[in-house]
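Okay, here's what each chain looks like letter by letter:
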Amino acid sequence: MDQYLSILDSTITVSTPLVLASLAGLFSERSGVVDIGLEGKMLTSAFASASVAYLTGSPWLGLLAGMFAAMMMSLVHALVCVTYNGNQTISGLAINTIASGITPVLALAWFQQGGNTPMLDDSARFNDITLPFADKLADVPVIGQIYSGLISGHCILVYLTFIIILPAVTWLLYRSRFGLRLRSVGENPHAADTAGISVAKVRYLALLCNGLLCGMSGTFLSVHQTGFFIKEMTAGKGYLALAALIFGKWRPMYAMLGCLLFAFSDAVQIRLEGVPLPFIGEIPSQFIQVIPYVLTVLLLAGFVGRAVAPKAIGIPFVKSR
Amino acid sequence: MPRWAQLTILPALNLCAAMLVTGLVTWLIGENPLECLKLLIHGAFGYGEGIGYTLFYTTDFVFTGLAVATAFHAGLFNIGGEGQAYLAGLGITLTVFAFDKILPFWMLMPLCIIVAAIFGAAWALIPGWLQAKRGSHIVVTTIMFNFISYSLMLYLISHQLIEPGSQNPTTREFGANSWMPSMQHIGAAFGLDLPSTPLNATFFLSIVFCVLFYLVVWHSRWGYQLRTVGVNEHAARYAGMNVAKIIILAMCASGALAGLASVNELLGSTHRMNVDFTNGIGFVGVAVALMGRNHPVGIFLSALLFGALTQGGMDLSFAKPAITREMVWLIEGLIILFCGGLENLFEPFLAAFFRRRK
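Listed in order, the protein sequences are those of chains A and B. Convert by adding 24 to the 1-based position in the first sequence; the result is the number in my numbering. Convert by adding 42 to the 1-based position in the second sequence; the result is the number in my numbering.
Fair warning: there could be bad hints in the mix.
To be verified - Quick list of in silico lysine-lysine cross-link-like pairs, DSSO-like style, CA-CA up to 27 Å: (1) A:Lys-255 / A:Lys-343; (2) A:Lys-255 / B:Lys-287; (3) A:Lys-335 / B:Lys-175; (4) B:Lys-143 / A:Lys-273; (5) B:Lys-80 / B:Lys-175; (6) A:Lys-335 / A:Lys-255; (7) B:Lys-362 / B:Lys-80; (8) A:Lys-335 / B:Lys-362; (9) A:Lys-335 / A:Lys-225; (10) A:Lys-273 / A:Lys-225.
No lab work stands behind these hints: they were computed from the structure.
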């Protein structure tokens, strides 16, 4: 029981930045702007938040800085994609490359630690919270074990993500006026434009929300998980989040399930490292690592279900003259 | 706007903008941008070894740049050059392991080059086929294929191809009959005394492929079809072209070109396969193709620029402890941003300027 709980527990931890990033991607892509720059925005915010948290000693100021940095990157993306009608994929690629370049350069110049930031004190980090009565209930079979082993003991960002942000994004997308506009702009911008909606304004707003969530995601990595910024610390998580978004067919709840699935395979893979299984023998960790990517390709190809992208995705909106 | 201006002034302006921003960052971290630029240029072109390394990197980037450009001409965006080059490395390694004790150099070398191209093409074939037949977006599939290739190759190198008894994930050294002649040896044959650098005969191969690229894309029936599909798929289909076939072939050609970069890396320089030997060359190819405007002359020149940045940046980071070699990534990202994303930024001004002059 304890073993299963600990796998599920680390699934939740690993999935949180993925959920945040794929919800960020959701805003952008549902508004019709391709975003392969999630990785770069996460990296930038991880650096900004770790630096500010170190300098001020406050994780919350770090979070603000992370969100601000990622929003600035999103604004660059918006400038290219919305104002200058540039190629959205290229812009995303540029953001990723710039982020890989500027973070170690600034980190080395400011902290002289080989491109990393100094270790944060416990008070400057988001620490795990033990929920009330978790210790007392730990001995109660099943319910108590789940409560204390799985639900309790995460950092505030995890609870924020699953209890507030995820429902809020779902509501915003499907039930609010902004969500309706967002989806219409992503499906048929010309019709939306005719109805008096400013396509540019909606896409700018979508990208600002995108930056906000990317910033939280990056902050989670540096200010909670590792406690400092490491060069290239996102290590493909942004792309994984994008894969989860596609896996979830551009819908928030399904994207979250995709993230949980990918995080679960990650948690299992760490446990299986070097452990021989009955009948199969030892599974090399690379075989499990590759699952999310293979699944996404199969899904995109329509072999298992079919992922249909927002219709206007990737096409710059040019008002016909 | 005249074509010559589009091919010269615009890239130059974009480069200046990128350098200006980089200079600003350099100044922000307390270094003198002009001094750094001088160090960088000296590192890339100031002495024999520097030039050798610059041209060695240039060779890589010419291949990956041509690869991206081939797909671009068909309206496809292949960011999978990294994975395709990686898999081509597998092809080379397997061929060398099978034949380096049997075949002489003059048979083994062409075989390796062909196998590298085939492996690269095969890894691009699947995304190409999925795009043409199943409509899955090429950008996303090639990204996913990059990650699949990382895992696959890491597994193969660290579990199957690893040199017995070795602690590092690397294969055994290739037999000397599979080594691409280095420029030092070629120079010696002509009585020239060249410094020892990884620069090798693959450099000439890259120039041959630039010429071939020009001939095929602009002076062949297939090249015409390629560009037609790129400009307007519906028109191409209406004109009776087999669009799916052209897309698949374009991706294969693109993958094959990316694969040839591995010939330069493995047979020309390391003579064994290491984990991550591609080291981002596939992504640099995107910047090279964008800045070179998908024309072989432009691609060669921008490959030279990126080769110089890579080598000069390395030297700069040795000379200035406060600057890491990731500075080059920043410049590269900015060039991608200005040349690719913000291509409409300077164009209207420039176009207006030329209109007024008329």
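Indices of hints not satisfied (ascending): 1, 2, 4, 5, 6 and 8
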